[in-house]
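Peer 1: Protein chains in written order, with this note's numbering: chain A, 46 to 492; chain B, 46 to 492.
Keep in mind the hints are simulated off the structure, nothing from the lab.
You may find that some hints are simply not true.
As the list claims (entries may be wrong) - Calculated lysine-lysine pairs in the DSSO-like style (CA-CA distance at most 27 Å, straight line):
1. A:K304 x B:K340
2. A:K310 x B:K336
3. B:K336 x B:K304
4. B:K336 x B:K403
5. B:K310 x A:K304
As the list claims (entries may be wrong) - The calculated label-pair distances, taken between Cβ atoms and stated as ranges, are:
6. B:N298 x A:W75: 17 to 27 Å
7. B:F226 x A:L233: 30 to 40 Å
8. A:K90 x B:Q490: 53 to 63 Å
9. B:H328 x A:E486: 45 to 55 Å
Glycine residues also receive a C-beta, built at the ideal position from the N, C-alpha and C atoms.
There are 2 protein chains.
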Amino acid sequence: SEILVPESGAVNRVCLGIKGLVVGFVLKIWRFLEKAWNLGVSEPKKVIHCVKVGMALSIVSLFYYMRPLYEGVGGNAMWAVMTVVVVFEYTVGATLCKCINRATGTFLAGSLGIGVHWVASQSDEKIQPVILGISVFLLASAATFSRFIPSVKARFDYGAMIFILTFSLVSVSGYRVDKLFDYAHQRLSTIAIGTSICIIISMLLCPIWAGDELHRLTIRNLKKLADSLDGCVTEYFKEDETESINEKDTNNNNLQGYKCVLNSKATEESMANFARWEPAHGHFNFRHPWKQYLKIGAAMRNCACCIETLNGRINSEIQAPEFLKRHLSDVCKRLSSHSSIVLEEMATTMKTMRKSSKIDLLVGEMNFAVEDLQNALESLPKQLMISSPLLAIEASNDAKEELIMKPILIPLMDILPLATVVTLLIEITVRIEGIVDAVEELADQAE
Amino acid sequence: SEILVPESGAVNRVCLGIKGLVVGFVLKIWRFLEKAWNLGVSEPKKVIHCVKVGMALSIVSLFYYMRPLYEGVGGNAMWAVMTVVVVFEYTVGATLCKCINRATGTFLAGSLGIGVHWVASQSDEKIQPVILGISVFLLASAATFSRFIPSVKARFDYGAMIFILTFSLVSVSGYRVDKLFDYAHQRLSTIAIGTSICIIISMLLCPIWAGDELHRLTIRNLKKLADSLDGCVTEYFKEDETESINEKDTNNNNLQGYKCVLNSKATEESMANFARWEPAHGHFNFRHPWKQYLKIGAAMRNCACCIETLNGRINSEIQAPEFLKRHLSDVCKRLSSHSSIVLEEMATTMKTMRKSSKIDLLVGEMNFAVEDLQNALESLPKQLMISSPLLAIEASNDAKEELIMKPILIPLMDILPLATVVTLLIEITVRIEGIVDAVEELADQAE
Numbered sequence: 046s047e048i049l050v051p052e053s054g055a056v057n058r059v060c061l062g063i064k065g066l067v068v069g070f071v072l073k074i075w076r077f078l079e080k081a082w083n084l085g086v087s088e089p090k091k092v093i094h095c096v097k098v099g100m101a102l103s104i105v106s107l108f109y110y111m112r113p114l115y116e117g118v119g120g121n122a123m124w125a126v127m128t129v130v131v132v133f134e135y136t137v138g139a140t141l142c143k144c145i146n147r148a149t150g151t152f153l154a155g156s157l158g159i160g161v162h163w164v165a166s167q168s169d170e171k172i173q174p175v176i177l178g179i180s181v182f183l184l185a186s187a188a189t190f191s192r193f194i195p196s197v198k199a200r201f202d203y204g205a206m207i208f209i210l211t212f213s214l215v216s217v218s219g220y221r222v223d224k225l226f227d228y229a230h231q232r233l234s235t236i237a238i239g240t241s242i243c244i245i246i247s248m249l250l251c252p253i254w255a256g257d258e259l260h261r262l263t264i265r266n267l268k269k270l271a272d273s274l275d276g277c278v279t280e281y282f283k284e285d286e287t288e289s290i291n292e293k294d295t296n297n298n299n300l301q302g303y304k305c306v307l308n309s310k311a312t313e314e315s316m317a318n319f320a321r322w323e324p325a326h327g328h329f330n331f332r333h334p335w336k337q338y339l340k341i342g343a344a345m346r347n348c349a350c351c352i353e354t355l356n357g358r359i360n361s362e363i364q365a366p367e368f369l370k371r372h373l374s375d376v377c378k379r380l381s382s383h384s385s386i387v388l389e390e391m392a393t394t395m396k397t398m399r400k401s402s403k404i405d406l407l408v409g410e411m412n413f414a415v416e417d418l419q420n421a422l423e424s425l426p427k428q429l430m431i432s433s434p435l436l437a438i439e440a441s442n443d444a445k446e447e448l449i450m451k452p453i454l455i456p457l458m459d460i461l462p463l464a465t466v467v468t469l470l471i472e473i474t475v476r477i478e479g480i481v482d483a484v485e486e487l488a489d490q491a492e
Numbered sequence: 046s047e048i049l050v051p052e053s054g055a056v057n058r059v060c061l062g063i064k065g066l067v068v069g070f071v072l073k074i075w076r077f078l079e080k081a082w083n084l085g086v087s088e089p090k091k092v093i094h095c096v097k098v099g100m101a102l103s104i105v106s107l108f109y110y111m112r113p114l115y116e117g118v119g120g121n122a123m124w125a126v127m128t129v130v131v132v133f134e135y136t137v138g139a140t141l142c143k144c145i146n147r148a149t150g151t152f153l154a155g156s157l158g159i160g161v162h163w164v165a166s167q168s169d170e171k172i173q174p175v176i177l178g179i180s181v182f183l184l185a186s187a188a189t190f191s192r193f194i195p196s197v198k199a200r201f202d203y204g205a206m207i208f209i210l211t212f213s214l215v216s217v218s219g220y221r222v223d224k225l226f227d228y229a230h231q232r233l234s235t236i237a238i239g240t241s242i243c244i245i246i247s248m249l250l251c252p253i254w255a256g257d258e259l260h261r262l263t264i265r266n267l268k269k270l271a272d273s274l275d276g277c278v279t280e281y282f283k284e285d286e287t288e289s290i291n292e293k294d295t296n297n298n299n300l301q302g303y304k305c306v307l308n309s310k311a312t313e314e315s316m317a318n319f320a321r322w323e324p325a326h327g328h329f330n331f332r333h334p335w336k337q338y339l340k341i342g343a344a345m346r347n348c349a350c351c352i353e354t355l356n357g358r359i360n361s362e363i364q365a366p367e368f369l370k371r372h373l374s375d376v377c378k379r380l381s382s383h384s385s386i387v388l389e390e391m392a393t394t395m396k397t398m399r400k401s402s403k404i405d406l407l408v409g410e411m412n413f414a415v416e417d418l419q420n421a422l423e424s425l426p427k428q429l430m431i432s433s434p435l436l437a438i439e440a441s442n443d444a445k446e447e448l449i450m451k452p453i454l455i456p457l458m459d460i461l462p463l464a465t466v467v468t469l470l471i472e473i474t475v476r477i478e479g480i481v482d483a484v485e486e487l488a489d490q491a492e
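With the rest of the complex left out, here is chain A:
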């Protein structure tokens, strides 16, 4: 029994260890599923997309499973299934872009491949592999290089890949040219079946348009900018610290909105690229000025950068004294609320795609608020003088009232943090006017 005790202890420990591992594993999977579930609930469009992909694949699989058209796997059915898997993308634009790329790439490479094959078949048998090898090498290198050129990459990246693939496949094939035509015909028809299933399902069943997504993203970002600007200024000038943790969390979320704006460049660019392939839908024409959205995005990021700096000031250690802050609190808040009203009006303009009638008035009000703020800052020293009773008495005892009324009271270093915030707020209004211009240009172009 003396020997058994440590052994059962070891067994116990091993058991516990395994139990821990299993529990950890189950917990990990559980958390993953929970995350997936939350994603699905928050973005039902993505779930719909998944169902659509499943449907397209089932249809194409069964279509070929039921018809004994092919001989074994690797026949033609494969190309249809493969096309659906590779081509079906989240948005209609991306799907169309890939379909067109795939069809064009296959067609071009196929004809070129047949040509090279014909040349090779005319020559000596020993030279044949050399001709094929060199042609594959040259064309594959050139096509790969073209994928690095930005203008090609943006639109024909997938097409270039398919070009390489098809050309290599054709050149590997040991067929004679007449058989190649048969093969090409079959392959093109299966690709046509695959792409048409994809296009029909993605366009008819709850279509997700890249243009629409870009449009919504821009509107959402405008609102986020407005919220975080407001949030920043309120946070900076808030007086009581007795705020519940919940409030702080929502505040913080609002505040961080500008970060989404800063990070949305890549998304915007790919969306704008895909949107150009889309037919007219909703209130967007075929030639809707999608490029203008990129300009709006750039103007917004420009503004977001300034808000990020402003946010940095709020969290800075060096702060202006409270009494100074209180003096400018109202004007600053007024300016920020005018600014966010302008941003929100822009969001409405985007929604309706019509020039706002109020916008000139609102921008005017914003600029008045800027002037008010400048005046308030200028008159700050005098105001403080008057509002300080102790100093007022001192001043009355003195004959040279005028001279003492000078801004001796506030050291420059105390005003500095506040003055910076004011300048940043003014700079933000300038950048907001940049956004207004970009949005108005869009409304002009869309008409």
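Fit chain B to the known structure of chain A by using the hints.
Peer 2: Relative to chain A, chain B alone:
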């Protein structure tokens, strides 16, 4: 001849039109080729990559062309060619990532597909298509959904696609299970040939490591930050406008460096993702802390945002009066040069991957420069008083010298633009310290 004149005129016009079109087309192609050539000259690594792809494809094509192993196109040769085309990426990490994904995805989906096939083959012939259809639908939907989950998307996006593809292909196949094993064996072996050719060529012939690229990108960005900070401050405080257009261009290029930093988030993230798959190379271990590079990147973008705001101030309409600028010019320039020295020291630290011995000293000097700047700003009013001879005389006539020495001379609104620049410069130093912390943490972790 009366009739011929207008006709020959029309013919001429058509000729001219066609000539114009042809010339335009040739010019367009010429410009495209020029752009491509410039890209190739500026980034020879990309050309090398293209040559490598061409080589890999030629090898695999000829390998299969020479051996009459397959029956027609669509046989096994296809999978090897396809693997090379799809899997060969610019960096070793991306290639490895895709190879592993492809192998795992094919293996998992293949075994699952054979299982489902077995279940279907046991049941009634009429139910078979139903079972297959439902299983394809469910698995394809689930796998597509998993591609939306960020953690899966970052690493297993391609694997999920291959999973869907293989599973659908296996389920379409009308084979009996024993033949499926044969097929699976063949397919896996061709994929193995394709992936091994890719891996060997991408790792042995002038390998382009994602980790290395990320490392260089970070160092380059640090230098760009230093340059644009210096450029900004010099531009702001420059006195003579007699600068040649050439100089202005180079200056402008330097100035715009921070924009590259702001836009490099997506590149950094994908590089860091790929770098994790790479084996030890150069002076990087297998478990090199690549994630820390993302933190450095975030700190740099933080700083770049501030420089962007500073740049906005430089181009602003409201400027401080020249005499005020001249007073702070030296201290500001000193601070900016100390800041960029710190940034450049960070670039050196990154290069050597060793904690710099000088960095504490340099940061100390930077902080001294900050204090100097603060003092200079604080003493600004008095300095100006003394330096203005006319006012000095006036002051000596007056008994109350002390009182007149107050900063009545400079209105707050005049100081404001300059004061903002100073605050931004100080804020930038704070953010540079953030970069220093991140880089030092990297050096710590790398040891």
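Peer 1: State for each hint whether it applies.
Peer 2: Taking the hints in turn, this is what the structure says about them:
1. Distance restraint check for K304 (chain A) and K340 (chain B): the Cα-Cα separation of roughly 15 Å lies within the 27 Å cut-off, and the hinted pair is therefore satisfied.
2. Note on K310 (chain A) and K336 (chain B): the hinted pairing holds, with a Cα-Cα distance of about 22 Å set against a maximum of 27 Å.
3. Our distance criterion of 27 Å between C-alpha atoms is met by K336 (chain B) and K304 (chain B), whose separation comes to about 22 Å.
4. Our distance criterion of 27 Å between C-alpha atoms is met by K336 (chain B) and K403 (chain B), whose separation comes to about 26 Å.
5. Distance check on the hinted pair: K310 (chain B) and K304 (chain A) sit about 12 Å apart at the alpha-carbon level, within 27 Å; holds.
6. Under the hint 17 to 27 Å, the C-beta atoms of N298 (chain B) and W75 (chain A), about 53 Å apart, miss the expected range.
7. For F226 (chain B) and L233 (chain A), the Cβ-Cβ distance of about 32 Å falls inside the hinted range of 30 to 40 Å, so the restraint holds.
8. In this structure the hint that K90 (chain A) and Q490 (chain B) lie 53 to 63 Å apart at CB is violated, the actual value being about 40 Å.
9. Remark: the range hint 45 to 55 Å for H328 (chain B) to E486 (chain A) is upheld by a beta-carbon distance near 51 Å.
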